[in-house]
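> Sequence:
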Amino acid sequence: MTPQTAEATAGPAERAADLATTHTLLSCYLREVAAPDGAAETVGGQLRVRLPHLGLTLSCRLARVSPVLAHRYVGPVRCRPAAAPVARRHPAVPDPPAADTPGDGSTDADGPVDGAQLARLLAAELTARTGLTNDEFVEQVLGSRDALATLLRQRPSNDPTPTGDPVVDDYVDSEQCLVHGHPHHPSPKWRSGDPASWRRYAPELRSSFRLDWLAVPADLVAGDGPVDELIAPLDPPDAPPGHHLLPVHPWQLDLMPPTDPRLRRLGPAGVPVRPTASVRTLYAPSVDLFLKTSLHIRITNCLRKNARYELTGAVALTRFLSGVPLPARVGLLREPGYRTVDLPGADEAYGTILRTGVREHLRPGERMVLAAALASAPLTVPDPFDWWRVYVELLVPTVLRLWLGHGVVHEAHLQNVLVVLDPDGRPVRLILRDLEGLKLDLGRLAAWPDRVPRQAAYTPAQAARRVVYCLFVNHLAGLAGALADGHPGTEPRLWQTVRRAVEAAYAQLGEPAELAPLLHGAPLTAKANLLVRWHRAADQQAPYVEVPNPLGGAG
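Following the numbering used here, the numbering of the sequence shown begins with 1 at its first residue and continues without gaps.
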């Protein structure tokens, strides 16, 4: 379905996807533009956002008001002329929507806007504000909306290929349930390429498939770690004499078939794998192994390929982290091996990282879920404050001690943390994963570790910004919001628990200067996904914006 035809064929899935798109767009614009500009206010349970260059005001009712601007919206986004319209309207400004007729419950003669209208309005405001145009922006937003509609319409109600192990199936479901995606990204479900090609590999559609395999001559293989030992349980095909086997995402081989005749495509084979939330990382439940594959598809911001330094860095960082102590109730999914083709271009096209599985971190009666799955819907637990206290006391000291005690900056956002729950649903352990985003703080290292690429270096300022965003704004704010949706009115008290955990870490770590601003009420930092898309910049160049600090200032 093309963006142009989505509105004409609107069914329940299309309407739900369009409403979700408007809420997400408004959320992004509020956090990254309107709030920093002082162009937003909350009045009587309604958010109002001014578009000053257009002379318009957007509004939407709020089901929950968040102290970090991660509100929960309900009902349509509406648009009306501002009380004092600007004298000059930018030539790219679309006409405002027609006002509703009296008696429909709206105020100030405002009218609802759909996803296409809102995307065009925000694009026009951003053009006037920045002097830049972006002919991809609206298309990406609507492509994401249409992809979401497809997922809502086609997602099976039950897993069509369960393993029969409820613990494994529960975990797989948590990886494949993130239908709506990032709540603060303007096009969270946009993927480059033909939708017909990605549906087969979409985790949200509970997909399952087999790996494809390349036979690579021994003199063209690059790698590290016990790769043959790790991939043997995958039931690979037989390697021709003088060749090594390389597992590759089948979508990648369709996108980028080998052009060198020395690389032999052996076709699909082996045990079934399940795509996880990241799309390109695949989990083989029967052998409890992850494969982080290269995929030349842009998903949200990035082309999802494994650069050569990321391949070598995964194994080098695994070795380095073996000497970094973790708390007893925190584990790590290691990345002990990689393999690729030692040819320019092919090394990034076909590089695959092997990651250890989840079973070693589970005890009888426990189950494991992705943290993002817990935050994706209202979270109801018998005692939200006790549940939250245990969770925060697992997560916050771990991330802060890794950073400030050992110089390790783990990107502890919601998709990088797995939660182990006991039979009563209480968190008992956390598992950290994904070494691609792991960085080392140059201000906290005595010496640079052996074989770790310099691309893993962060300045102290970069480290502080990334930890604050991933830990507090992405992870804790997302999960606190889900708990508050399940238990209305609890969010302020939940943030008090986070403050106590930061205070304890501050004392235990010798009162590091990096934490003092948080405790004194300095604004938090949030990654600006809307602005980086608008500027068409690389993800590593994404700007950050300030959001309110819910921890409270010094008493």
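Hints listed in this document are in silico derivations from the structure and should not be mistaken for laboratory results.
Mixed in with the good hints there might be a few duds.
[Said to hold, decoys possible] Quick list of the computed label-pair ranges, beta carbon to beta carbon:
(1) P257 x V167: 21 to 27 Å
(2) P257 x D228: 22 to 28 Å
(3) C302 x D342: 21 to 27 Å
Glycine residues also receive a C-beta, built at the ideal position from the N, C-alpha and C atoms.
> Going through the earlier hints one by one, which of them does the structure break, listed in rising order?
Per hint list: single violation, 1.
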